[in-house]
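Peer 1: Listed in order, the protein sequences are those of chains A and B. In terms of the working numbering, the first sequence opens at residue 1 and continues consecutively. In terms of the working numbering, the second sequence opens at residue 1001 and continues consecutively.
Honestly, the hints are just simulated from the structure, not real lab data. Backbone N, C-alpha and C fix where the C-beta goes; we use that ideal spot for every residue, glycine too. Please note: incorrect hints may appear among the correct ones.
[What the hints assert, rightly or not] Here are the computed distance ranges between Cβ atoms for each label pair:
| # | chain 1 | residue 1 | chain 2 | residue 2 | range |
| --- | --- | --- | --- | --- | --- |
| 1 | B | Arg1253 | A | Trp169 | 22 to 32 Å |
| 2 | B | Arg1026 | A | Leu104 | 21 to 31 Å |
| 3 | B | Tyr1523 | A | Arg181 | 32 to 42 Å |
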Amino acid sequence: MSRGVSFLARRAGFYALAAWAAITLNFLIPRMMPGDPASVMFARFRGELEPEAIEALRATLGLTDGPLWSQYLTYLSHVLRGDLGTSVAYFPAPVSEVIGVGLLWTVLLAGTALVIAFALGTLLGALAAWWRGGWLDSTAPLVLSLVGAFPYFWLAMVAVYLLGFMMGWFPLRHAYDTGIRAGPTVAFAASVLHHAALPAATLVLASLGGWLLTMRNTMVGVLGEDHVRYARARGLPPRRIFLHYAARNALLPSVTGFGMALGFVLSGALLTEIVFSYPGQGYLLIQSVRAQDFPLMQGIFLTITLAVLGANWLVDAVTLILDPRTRR
Amino acid sequence: MKPLPSRLAWLGPCLALACAPAAPERPGVLTVSKEQQGAWVRNFNPLLATDTARWPTTAGIYEPLLIYNTIQGEWVPWLATEWSWEGHTRLRFVVRDDVRWSDGVPLSVDDVLFTFHLLRDERALDAGGLWTHLADVRACGSTEVVFEFEKPWVPGLKAVASVPIVPAHRWREVEDPTHFANPDPVGTGPFTEVLLFEPQIWELGRNPHYWQEGRPAVEALRFPALPGNDQATLALIDGEIDWAGNFVPAIDRIFVDRDPEHHGYWFPAVGSTVFLYLNTTSPPLDDPRVRTAISHAIDRDLVVKVAMYDYATPSHPTGLSDGYRSWRIEPGTDWTRHDPEQARRLLDEAGLLAGSGGLRRGPDGQPLDLEITAPSGWSDWVRAAQVIARNLHEVGLDAHVRTYDFSAWFDQLQRGDFEASLGWCEEGPTPYEQLRGLLSAQSVRPVGQTAVRNWHRFGSDEADALIGALERTTDEAEQRRLAASLQEIFLREAPAIPLFPSPSWGEYSTARFTGFPTADDPYARLSPNHPPETLLVLTRLEPREGAR
Chain A
1 MSRGVSFLAR RAGFYALAAW AAITLNFLIP RMMPGDPASV MFARFRGELE PEAIEALRAT
61 LGLTDGPLWS QYLTYLSHVL RGDLGTSVAY FPAPVSEVIG VGLLWTVLLA GTALVIAFAL
121 GTLLGALAAW WRGGWLDSTA PLVLSLVGAF PYFWLAMVAV YLLGFMMGWF PLRHAYDTGI
181 RAGPTVAFAA SVLHHAALPA ATLVLASLGG WLLTMRNTMV GVLGEDHVRY ARARGLPPRR
241 IFLHYAARNA LLPSVTGFGM ALGFVLSGAL LTEIVFSYPG QGYLLIQSVR AQDFPLMQGI
301 FLTITLAVLG ANWLVDAVTL ILDPRTRR
Chain B
1001 MKPLPSRLAW LGPCLALACA PAAPERPGVL TVSKEQQGAW VRNFNPLLAT DTARWPTTAG
1061 IYEPLLIYNT IQGEWVPWLA TEWSWEGHTR LRFVVRDDVR WSDGVPLSVD DVLFTFHLLR
1121 DERALDAGGL WTHLADVRAC GSTEVVFEFE KPWVPGLKAV ASVPIVPAHR WREVEDPTHF
1181 ANPDPVGTGP FTEVLLFEPQ IWELGRNPHY WQEGRPAVEA LRFPALPGND QATLALIDGE
1241 IDWAGNFVPA IDRIFVDRDP EHHGYWFPAV GSTVFLYLNT TSPPLDDPRV RTAISHAIDR
1301 DLVVKVAMYD YATPSHPTGL SDGYRSWRIE PGTDWTRHDP EQARRLLDEA GLLAGSGGLR
1361 RGPDGQPLDL EITAPSGWSD WVRAAQVIAR NLHEVGLDAH VRTYDFSAWF DQLQRGDFEA
1421 SLGWCEEGPT PYEQLRGLLS AQSVRPVGQT AVRNWHRFGS DEADALIGAL ERTTDEAEQR
1481 RLAASLQEIF LREAPAIPLF PSPSWGEYST ARFTGFPTAD DPYARLSPNH PPETLLVLTR
1541 LEPREGAR
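Can you make the complete structure from the sequences, with help from the hints?
Peer 2: What follows is the structure in structure tokens.
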């Protein structure tokens, strides 16, 4: 296993380098955008603000024209200390506080939806391949790809309108009932589940097809390989062939995809959070871009980057377990 | 669709547990949708130039000396009972003596002085640029405050009177007021107690010491986080919101018809007038005949129909909104009338004759192609610009619409690097701000230099003399006479093309509360989007008897 450990250590070094590159790009890209936050903020008033106010805004936000490299050094030292700066759009709240508000909800909603979609999609894909040409194989990929091909916001809005607004089965917005105080109570947990149900269901529905197809197609390939044929010829129980020889090998590409998707969970299910007024990270991201809120943008991208890298490292570890070849 | 049933099965128990209706409101709690946010961030600092404090920080928690009522066209005494000019540089206020802060401490002249000194010492808080005009603020006795201006500037009343007053006894200890989030506000306003603050909902309760006897009648205000217009509209239709200030499409059908007895809206045309600014430094737009012709070519009825869903009305010829109804003069000839024939005649007269293909060329024979710019994403303006471009085509002027990201667009506008652009105009209690922005030669900057106003770069020395006189007179009859002369210059020179005044968005439901201003009872603006005027409404609303 020491080979495995050194493999993981080498990967960690690589990810550290990737993190530095990402942090640097994170610093540069927002600064290449035209305009500055003060004038964007001024814009929101559509003439209701004295034109002179723009100077006061610049002074408040501490916008400086210092040389780029000195801004970069300050930025790096702050990031290392965990200080992400002050948000512009939510001035004077610190970025870490603004991000903290939505992070948990995003992880809860998008994370749960991803796990469900991955598990369910992969299982269905594997079964579809196993009974190739059966009724599951002929309907599920077709129907789910069709649903997945709808524009997501449309799917979500139809769900809100029909099941939330018309039928009244699901709440129209928010992560839990605003009449209930947050706390470790049954009522609160039930409310959270009730509110997450519809957005999570739309997310699962939209992404299920992808997982299913990936798994099915890999699985079909694996099932045709010699070792599976040999296993059949030796008369191994079908259940054992399905789980240990076919599915386990076919799972590898899906696991890689899952790792990527896991990292991107933190970017929030942007459209879901907007359509369902879910207090997560996705809406913050849009808001920060609109307001040219560099510190908030950088903070959000930083958490996304670190999450993607972290998730990839985890995938490396899982691959190590699933695929003995990587251990050699 | 296979996975759905299994998911619903898993949901069964949750549905049974939590199937209660959306929000069990307590009686007397008014639900408001004004800001569109995905999650609330706690900030109650009324002086931040960034205006990132939660609504109604400057319209409910903190209060100014006076409130200007746009609908009634008058100043309402608030924390000051009286005000007067002494000469044209000294402004005197008598501060109300029966006001207490929400922590029980009485309001004093010191609080007023402290607030204005804070603006002087922290320029970042002085959003109105007040201290570029002010020389001194001092107390006079125990109830009076005197403001000394550097030179006569009567319109400065607005800048002084609208500043929210903060408590000296609390704010003195604040280390950096420019970065202060003021999480637990102490104010003089009707609502000061933060009862609840969570990312998706917060509530603001009554001030236990409010100075208006028996007011406010509303128990508390409640703010659900709604990230966008669609969500706010849905909540409004659903009856969850009592008062809102957002744009609602097809409002009669989707909102009023749902509950005609209780649902209502009022969109008075008292907002800033939207103009088509023509760069008067760039020929042939320097010719008033060409500008007038462009104005005649525009079908404003179509513009407001397409761009504003008929919620707005075409502008008055003077460009002054309904908020300045009593100031407007009636013109002899109206160049805002849709008259393509007259437009063609004027363009011919100006030497812009049609070349081959029917499109007009400049006097030098060069083909003309007017670029009309608007900020991308401001869909109402973009639609208006598209209608205008089509209208201009009809009289032989080639024109096209181009949208830019807001900062880029605004930068070009300010530097005079544009041909034609949509834009707003400045607002104030009198037409002074608007007319100054349209006509003042003093505010003209050379192309390439940033101009805070007068982007079209039109200046009239005659207008400057009148504007100067307007800054020096407190006599209302004289102010009206001067404003009328300025409007005459506007009508003669056509420095910019008025399109339509922006409506002031406001919707209400009287199912639980009464007392909202309406067209029949226009005591103030219904729209919550204009602090501090909102105070006039917040102190008038009452819970309906027997309502849930």
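Peer 1: Could one say that the CB atoms of Arg1026 of chain B and Leu104 of chain A fall in the range 21 to 31 Å?
Peer 2: Holds, at about 28 Å.
Peer 1: Falls inside 32 to 42 Å, the C-beta gap from Tyr1523 of chain B to Arg181 of chain A?
Peer 2: Between Tyr1523 of chain B and Arg181 of chain A, where Cβ atoms are some 38 Å apart, the hint holds.
Peer 1: Given the hint of 22 to 32 Å, is the C-beta distance from Arg1253 of chain B to Trp169 of chain A inside that range or not?
Peer 2: holds, 25 Å
Going down the numbered hints, you'll see the structure goes against none, and every one checks out.
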